[in-house]
Amino acid sequence: MERLTLIAVISVLTFGSASPQYYFGQNKVQYEKFDWQVMKTDHFDIYYYPEEEEIAGIGARLAEESYAYLTEKFNHVIDKKIPLIIYSHPSYFSQTNVVPDLLPENVAGFTEFFKERVVIPFDGSMRDFDHVIRHELVHVFMMEKITHNAKSHGRRNPVMPPLWFTEGIAEYWSEGWSKQADMILRDMVISGRIVTFNRLAGISGTYTMYKVGQSILRYLSDTFGDDRITLMFENWWKAQTFAQLCEITFGRSFAEIGRDWEYHLKKTYYPEFENKDLPAKIAARLTRKYYNIKPTTFALEDKDGCKDFIAFKTIRLGYSNIAMMPLEGEKAGFRQLVKGERSAKFESLHFVDSDIDAGVDGRIAFASKSKESDILYIFDPKGKKLVFSRRFEQVSAISSPAWSFDQKMIAFSGTGKDGANDIYVYHFDGDSLHRLFDDIYNDQSPAFSPDGEFIVFSSDRTDMHGADLYAYSLETGAIIRLTSGNSFNTSPSWANQSDSIVFTSDRGGSPDIYILEHPLSDNPRLYRLTNLATGAYDPSFSADDSAIVFSGYQEMSYHIYKLLPDTNAEQIAHAPGQVWEQSNGWQPERITGEHLAGKMKYKTKLSFDIAQSALSYDAIFGTVGGLQGALTDVLGDHQYYLLLYNTGNSRHNFLRSTNAAVTYINRQRRLNWGLGIYRFYNDYDDDYYGYVEEETYGGVALASYPFSRFDRAEASLYVRNYFKQTLRSNDPDAAVATPVLSYIKDTSIWEPSGPIDGFRLHISLASSIEIPSLKYYNSAVTVDVRKYFRLSESSAYALRGVYLGSDGQDPQRHYLGGSWDLRGYPRRSFYDKNILLINNELRFPLVDRLLIGMPIGALNFQAIRGALFVDAAKIWGDTNRPWIGSFGFGARVSLGYLTVLRFDFSKRADKNDIYGHGFDFDFFFGWNY
Amino acid sequence: MTRGLLIIGGGLALALSLACAGSHPHLDISPENYPLYSSYKGGPARAGTVVGETGRSLEKLWQIKFRLPLYYSPAMADNYLFQPGSDKKIHIIDINNGNEVAEIKLRRQLGCSPELVDSLMAICEDGPRSQLLVVNYLAGRKVWSKSTFDLCLPPAIDDGRIFWADGQGKINCADLYSGELIWSADLKERPDTGPVLEKDRLIGTLADGSLICLSRNDGKMIWKTRGDRRTNSSPAISEDRIYVCFGDGGVSCFDINNGNQIWNHADKPRLFYSPSVDSDGVYYGTGDGRFVKLDKNNGSILWEYSTSLPIRGAAAITDNAAIFSSLDSKVYMLDKRTGDLLAVNSTGGMVTAAPAVWGGRLFIAGQDKNLYCFLLGDQQ
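Line order of the protein sequences matches chains A and B.
So the first sequence is numbered by numbering that gives the first Met the number 0: it starts at 0 and just counts up by one.
So the second sequence is numbered by numbering that gives the first Met the number 0: it starts at 0 and just counts up by one.
Don't read these hints as lab results, they were simulated from the structure.
Remember, it's a predicted structure, so these values are computed and weren't measured experimentally.
Please note: incorrect hints may appear among the correct ones.
[To be verified] Now the stretches of chain A that chain B is said to cover, found in silico as 3 or more residues with beta-carbon under 8 Å:
no.: 1; stretch: 74-84
no.: 2; stretch: 148-161
no.: 3; stretch: 230-241
no.: 4; stretch: 495-503
Using N, Cα and C, we set each Cβ at its ideal position, and we do this for glycine too.
Put together the whole structure using the sequences plus the hints.
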């Protein structure tokens with residue numbers, strides 16, 4: 000008999016799949032072909048492609064500067080070249096194969112610790128580029144330093160720093176302090192939500208954690224001296240715990256440092272509150288919960304007449320969306336317009352990085368990633384449908400589209416493969432696209448003047464460490480600098496009926512709203528509308544200019560607010576705009592010949608990526624010890640997987656029981672493919688066959704083609720010689736070929752204890768043919784469909800339906816029963832040729848965080864969820880059983896990395912009866928379905 | 000042929016690694032008086048100066064590789080180097096050929112260079128339960144030990160007495176030979192650096208940023224400055240003046256008689272190592288790779304020399320040269336009058352230990368696990 004599923008699972012799991020995630024999972028799609036080059040500098044190997052050579056040269060210089068800086072900070076030299084892989088845009092960066100994980104859009108770069116590869120996208124801002132390069136290099140230096148320090152002193156397992164420290168020091172030693180960090184800490188203090196030292200685990204991995212860590216490091220540096228932080232790394236080997244390390248270095252207990260830090264924060268921020276406000280105190284809050292940003296206003300006529308609305312971006316229940324509400328707020332009505340992140344059409348709405356804009360007639364322009372690049376979309380809220388979509392060949396990323404008042408043009412910030420972020424104007428008449436600039440400056444958030452003569456935008460073209468507003472004359476091409484000063488002036492929006500620009504500026508210490516009246520006149524007037532303790536962003540006038548809507552930060556969340564401009568607003572001295580010349584701009588420095596050893600084409604060079612002596616559990620083999628290894632190149636495009644283990648139970652069958660496999664996977668292009676050879680031997684007891692001895696050797700070819708991030712087709716072909724001996728007759732001993740075709744779709748999103756929303760589908764067909772007779776041998780079908788209905792933030796109804804069927808002269812027997820499939824029944828209680836299983840589960844929150852004190856430390860469990868379930872199954876083929884089932888309740892405890900420990904109490908039942916006394920108990924460890 | 004001495008648990012056991020017959024290692028050392036056995040920094044005043052010309056070239060004579068990186072400079076006695084390793088051993092090396100002739104195994108990690116006087120060696124063991132050990136290295140016998148309460152700073156030895164700081168906020172003085180406590184001064188604050196001696200005075204620094212001066216005879220406080228600057232390295236003393244490199248980047252000169260600041264030179268923050276001082280200048284290295292000589296009288300810059308990476312470790316100053324090492328894996332010898340480069344040579348990795356000079360030779364302990372010996376040639 001052939002056991003197609005088993006072989007497929009073993010082969011693919013042990014060799015690695017042609018697709019990054021087997022069975023389910025979303026796809027990392029290699030849309031672009033990169034012609035990789037290597038630039039060798041004093042301390043780095045810079046990997047880049049020709050289109051981004053200028054950015055790579057600048058990045059190389061920034062990296063070398065950071066290297067010198069961090070050498071001093073860590074008192075450490077890294078004597079090997081650090082691989083730095085640069086992508087010219089976040090959308091290209093998301094295609095990297097250095098790590099298999101799908102990268103969320105808010106990941107600005109990462110360091111892979113095994114080979115210490117640093118991978119960074121250029122997002123258009125040189126300031127951010129510098130910041131992220133240094134941030135990631137802090138990680139590299141820290142790991143090198145800790146490892147070196149521990150090894151030097153004979154410590155094998157040094158204390159691992161907590162994540163808040165790791166990220167906090169990376170932030171502090173890369174950007175020092177920032178107004179953004181100040182805003183978050185100030186809000187935390189004023190809202191009474193200071194994260195105390197013993198609650199730091201509760202914010203692990205969040206942006207708040209980065210800023211809290213940065214604040215703690217800043218406090219340590221200011222209080223004890225920055226040199227003490229360096230000495231902390233020198234003391235690393237001495238400590239058994241991180242708290243002990245702090246005490247050795249700073250002479251204060253960890254708890255004392257925590258208390259002093261809190262006191263310091265209060266002392267710093269409380270006095271500031273005297274002259275500052277919170278958004279909710281000066282403006283009407285229009286949204287109730289979740290995250291809501293990027294408001295834009297428009298007027299629509301309905302049966303009751305003309306009414307003002309706000310369109311905005313919102314994250315609700317895990318997905319980002321575009322929604323609308325009346326100008327009075329969400330209470331008066333809420334409508335979801337565009338659902339993001341659930342389909343290839345709207346893969347990402349660029350929630351934070353891109354504004355949306357409603358035109359005079361209410362049509363909303365927005366950008367979304369769709370497969371290989373961004374698309375400019377227009378949505379008509381009146382007709383409730385998408386009315387326009389346009390992909391531009393020369394622009395891979397689109398941000399913040401803005402209508403002209405006559406609605407004949409849309410301006411946006413676009414990025415090409417060279418990484419340059421410039422303003423483009425799309426003309427509907429003639430369907431033409433015009434690039435206004437071609438430079439290295441970061442030009443963002445364009446907005447047309449009502450007369451259509453100017454586009455105001457935000458740019459760093461004069462100050463690399465800030466941003467100012469500029470007006471571009473569409474008639475003359477002149478650029479006029481409207482603001483100046485060492486600050487960020489962003490998100491300009493022109494008034495509808497007056498000559499005024501409203502924008503955000505942090506010139507006063509925190510992001511506030513300002514109005515610039517008559518910006519292009521000889522006598523412009525600047526007014527400060529808010530003086531917030533936190534921050535205000537994305538201001539926009541209402542249709543009649545009577546109000547300004549903005550997104551405000553308060554109590555660790557963003558909401559939409561409506562502000563009625565104060566006629567007594569503070570006027571700020573302001574100089575008239577000046578013509579900006581190219582000579583006013585900064586010029587980026589590239590790495591120079593002195594530090595540049597050469598450039599060359601990238602050559603594949605393999606090195607170990609994962610090498611470990613591993614223990615694995617297989618449902619058939621049980622626990623097996625084995626050697627697993629992977630050889631990959633720097634870019635992760637070429638991957639070799641090696642497997643060697645032995646299932647023998649005595650010296651005599653040692654050689655015979657040796658199992659080995661080698662597989663090559665190529666992930667360079669959109670079509671991932673692989674080739675492998677293997678030899679497996681095992682003998683075991685089976686419920687159906689009794690004693691089984693089987694030997695398989697052969698080759699496999701794998702291919703996976705993603706249609707989008709959410710779905711893909713897979714094909715594989717196994718050609719092998721198969722020998723099997725059982726107590727039954729008709730044992731095969733033949734060469735067989737087995738083609739397998741699969742289609743996989745996955746739009747699910749997860750919370751720590753399992754999937755909570757979306758859809759998953761896996762269909763697989765396999766058939767075996769004897770070689771060389773080409774005689775049909777057997778076949779198998781798998782259909783696994785799962786749908787998750789989100790009921791609230793943390794609760795959902797999960798439905799799973801699975802059909803496993805097989806046919807042929809020796810069909811596969813599928814097993815059923817146990818905690819993974821049919822709960823309430825012992826593992827593998829049933830087997831047959833056909834199985835249909837239906838699981839229904841209501842998932843709901845039980846405990847968000849459980850801290851159990853222990854003699855040493857504490858056990859911290861996050862996201863404990865409850866479940867009520869009903870299972871049903873039908874088994875037929877050799878037998879024809881009636882429907883059986885079970886129902887019960889249980890709990891799921893998150894163990895991290897999306898794994899759970901699942902406890903289920905169940906009662907068996909069929910359509911007539913409920914069986915047994917009390918409840919059966921099952922537990923399960925792994926990924927919840 | 001390697002012989003070793005082994006100290007286990009405070010008791011002394013004899014060599015484990017005897018490679019040949021004989022139960023006792025033989026070291027051909029003729030004990031003489033200070034400064035022959037002075038510490039790497041040049042005596043209790045830790046001024047970093049070495050008497051004599053050192054020539055104008057650095058020729059590598061030999062190098063010896065250890066199992067783990069070296070963080071501290073060797074101490075010297077006659078024809079032997081006492082190199083502390085990260086393997087909890089003091090390796091005794093023949094100065095002429097780089098052969099290891101014996102080793103002293105301790106129980107814990109070492110936290111400073113050894114101090115040698117006569118046949119005795121004092122060293123501090125680092126980490127939890129740190130302690131000060133005095134060992135007779137010729138007899139292979141621990142003489143005595145004292146807990147330093149989780150603080151490991153280099154002791155100072157002079158005139159038959161040993162002075163050390165501990166984690167209870169005390170500076171102690173004991174008879175070097177017996178370990179009998181002579182006095183203990185309770186400072187109520189954790190010391191930042193090991194004590195430094197000059198004439199009848201002992202100078203130290205505390206974690207509250209103050210500089211203290213005690214009577215070396217009875218430990219009574221003579222003066223104490225109130226400051227808010229901390230230092231990571233012992234002061235250097237020369238001609239009744241105290242020179243300190245502070246963590247905030249300041250290099251300051253104080254009057255040893257009253258603690259008054261005479262001058263302050265502000266440099267980039269994060270100075271980690273002691274200044275070296277000779278008759279006309281104060282020398283120190285910075286994190287941005289500059290080696291600086293200040294006018295000893297007013298703190299003004301006389302010259303500076305730039306390297307590519309941070310300079311770590313105090314410098315050794317001879318009659319004609321300033322010698323220092325850097326994280327750029329190089330050893331530099333500058334003309335101390337002009338700052339011109341006289342010679343440069345390479346090591347295999349970063350160096351954070353101070354250079355040690357003795358007998359026309361330069362010894363560099365590197366984090367690349369090697370101890371290097373350079374001939375200071377071309378003497379004029």
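Report task. Please name the hints from earlier in the document that this structure breaks, with their numbers sorted from lowest to highest. Result -> 4
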